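Chains as they are written, first to last, in the working numbering: chain A, 1 to 243; chain B, 1 to 292.
Hints in this document: simulated from the structure, not taken from any laboratory. What you are looking at is a predicted structure, and each value in this text was computed from that prediction instead of being measured. For glycine and all other residues, C-beta sits at the position ideal for the given N, C-alpha and C. Treat the hints with care, as some may be off.
[Stated by the list, open to error] Computed list of lysine-lysine pairs in DSBU-like fashion (alpha-carbon distance at most 30 Å, straight line): (1) K34(A) with K225(A); (2) K250(B) with K55(A); (3) K153(B) with K162(A); (4) K281(B) with K55(A); (5) K61(A) with K281(B); (6) K225(A) with K40(A); (7) K250(B) with K162(A); (8) K281(B) with K162(A); (9) K107(A) with K250(B); (10) K172(B) with K55(A); (11) K125(A) with K250(B); (12) K153(B) with K165(A); (13) K125(A) with K153(B).
[What the hints assert, rightly or not] Simulated DEER-style distance windows between Cβ atoms: (14) S60(A) with E74(B): 45 to 55 Å; (15) G206(B) with S60(A): 18 to 28 Å; (16) D268(B) with T96(A): 48 to 58 Å; (17) K107(A) with K153(B): 33 to 43 Å; (18) G121(A) with D32(B): 24 to 34 Å; (19) S209(A) with I160(B): 52 to 62 Å.
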Amino acid sequence: MSKRYFSALLFTVVLVCAAALILGQHVSAAGEGKITGTVKLDGAAPHMKGIDMSKDPYCSKAHANDTPHLETVVTGASGGLENVVLYISDWSGPATVSTAVPVFDQKNCMYTPHVLAMDVGQTFKVTTSDQTTHNIHPLPNPMTGNIPWNQSQPPGAAPVEKSWKAPEVIPVKCNIHPWMNGWYVVVKGPYATTDANGNYTISNVPPGSYTVTAWQETYGTQTAKVTVAAGGAGTADFTFKAK
Amino acid sequence: MRTRLQTWSLLLGATAVLALPAASWAQLTQADFEPRLGMESHVGNLTGHAKDAKADYRRYCVGCHGELGDGNGENAPYMQPPIYQQPRDFQLAVFKCRSTPTGTLPADQDLFDAITRGFDRTNMPQWNTLSKQERADLVAWVKHYSPRWATEKPGTPITIPPEPEVTADRIKAGRDVFARVQCWKCHGVLGQANGPSASTLTDDLGRPIAPFNFTEGARPKCGDTDKDIFRIFMTGLDGTPMPSYADNIKPDEAWDLVFYLRTLMRQDSKEKVLAKGLNLKPVDPNAPAGQQ
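All chains, please: the whole structure from these sequences, using the hints.
Here is the structure:
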């Protein structure tokens with residue numbers, strides 16, 4: 001066989017392999033389902049205290065037309081709970097499934113979002129939209145393998161990109177603005193965070209039976225069993241009792 | 001007596017309930033550390049051995065840092081904020097004075113320097129009475145309390161360019177850096193530790209902590225040479241509210257800031273002499289960013 005035929009053959013084989021690889025991915029994606037649901041608060045939402053930002057004129061000016069409030073319990077339409085993180089607590093697949101780069105912004109001296117969920121090993125970005133200096137200071141327990149760090153972000157600072165090594169709920173604070181408190185919820189596998197009305201969708205869940213855990217910063221966790229059929233949707237609704 | 005680990009669980013209150021995997025911490029015992037007694041340190045051309053430090057640690061360190069290296073020695077209850085600071089918990093392997101970036105392990109040399117220098121305004125004295133070999137051995141001993149040293153390498157020390165000549169222009173440029181990155185938010189416009197955020201500062205374990213007061217004649221905890229001061233704000237003091245500015249101050253500007261900070265300090269310096277002729281006004285805390 002001549003060299004030319006051989007390279008043509010080799011090329012075809014490579015093409016077929018590549019096609020199989022791409023198609024194969026499509027096949028598995030088609031088989032994946034999702035878990036959806038709503039998280040609600042049973043009872044009246046506790047009063048969220050207003051925040052006095054007068055220590056920093058920039059911050060108080062940013063809120064000249066509104067009063068900033070604590071965000072430990074945020075409810076929307078018909079008692080939907082915002083900022084609840086849903087994840088599969090008995091996940092046995094790869095820890096890092098999301099390739100998105102979630103963004104944690106410091107805006108008007110508050111964290112947006114207040115709760116940022118992410119996978120172990122997933123890169124996330126901390127940005128600042130403010131014209132005042134913040135220090136971004138996550139407080140993991142070093143015994144888990146997550147190491148605390150503390151970086152400044154003066155006005156116009158470039159984003160800070162980081163990731164975490166172990167699953168953990170990590171409080172984040174700014175020492176300069178003591179009212180700034182947020183959370184990094186680091187989990188393994190697929191996750192979702194509830195929207196303003198308490199709705200969520202965990203996508204890319206392979207068929208199977210799972211335990212879904214809902215985490216809320218004030219009320220703790222709840223779990224539910226869910227079965228996801230190939231290409232189907234499992235449902236898990238949660239209700240936290242107002243304290 | 002409440003252990004440091006229990007304090008952690010309390011501090012992270014909500015976190016503790018979450019039952020996320022790996023968030024379990026049990027009280028460690030000496031048996032947990034024994035497998036790591038082979039730990040070494042490398043300081044200059046000295047090699048320190050943890051096992052050789054056992055006697056020195058028991059004689060000089062255990063009273064404050066404790067048998068388990070968790071900072072809960074028998075003297076620890078008398079060393080509490082706000083007047084004193086709790087002895088360092090070596091199990092956490094989080095250290096203030098590093099030549100390495102925030103969130104990384106310190107170099108062996110950093111721990112050696114800390115033992116040698118001691119910490120101004122704390123109960124940690126200078127241990128320069130011990131031989132260099134003994135101090136290198138103690139560095140290895142400190143490291144044997146955390147598994148991080150087995151799985152991680154220390155960070156790469158930050159680059160410190162040679163110190164330039166102090167000039168009036170550099171001092172003025174340093175004041176601009178002080179204004180731009182807003183050191184005064186905690187340290188105050190005159191370095192008197194009375195910035196708007198000073199009163200609410202807490203350390204990583206939630207205990208009150210004060211920013212450094214430049215005007216009292218005290219020495220910075222992580223050393224008082226120009227290089228030490230450069231390192232302090234570029235690496236941050238992990239475990240405290242002091243963040244790293246490495247991403248936001250260029251190395252050359254960092255020297256300018258060092259020179260400006262010298263003008264705030266009570267100690268005599270050539271920077272202070274130069275600054276007298278400059279008639280520098282303190283930073284205006286109410287000026288919008290970028291308009292000092």
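Hints and how they fare:
1. K34(A) with K225(A): The given pair, whose Cα atoms are some 14 Å apart, holds under the 30 Å limit.
2. K250(B) with K55(A): Since the Cα atoms of K250(B) and K55(A) sit roughly 29 Å apart, the hinted pair holds (cutoff 30 Å).
3. K153(B) with K162(A): 18 Å, holds
4. K281(B) with K55(A): Status holds; Cα separation ~22 Å.
5. K61(A) with K281(B): 25 Å, holds
6. K225(A) with K40(A): Holds, at roughly 18 Å.
7. K250(B) with K162(A): Roughly 21 Å separates the two Cα atoms, so the pair holds.
8. K281(B) with K162(A): Given that 30 Å is the threshold and the Cα spacing comes to 38 Å, the pair is violated.
9. K107(A) with K250(B): 25 Å, holds
10. K172(B) with K55(A): 27 Å, holds
11. K125(A) with K250(B): 21 Å, holds
12. K153(B) with K165(A): 15 Å, holds
13. K125(A) with K153(B): 24 Å, holds
14. S60(A) with E74(B): 45 to 55 Å: 48 Å, holds
15. G206(B) with S60(A): 18 to 28 Å: 26 Å, holds
16. D268(B) with T96(A): 48 to 58 Å: 55 Å, holds
17. K107(A) with K153(B): 33 to 43 Å: 36 Å, holds
18. G121(A) with D32(B): 24 to 34 Å: Check passed, 27 Å falls within 24 to 34 Å.
19. S209(A) with I160(B): 52 to 62 Å: Cβ of S209(A) to Cβ of I160(B): about 57 Å, so the range 52 to 62 Å holds.
Of the numbered hints listed earlier, the single one contradicted by the structure is hint 8.
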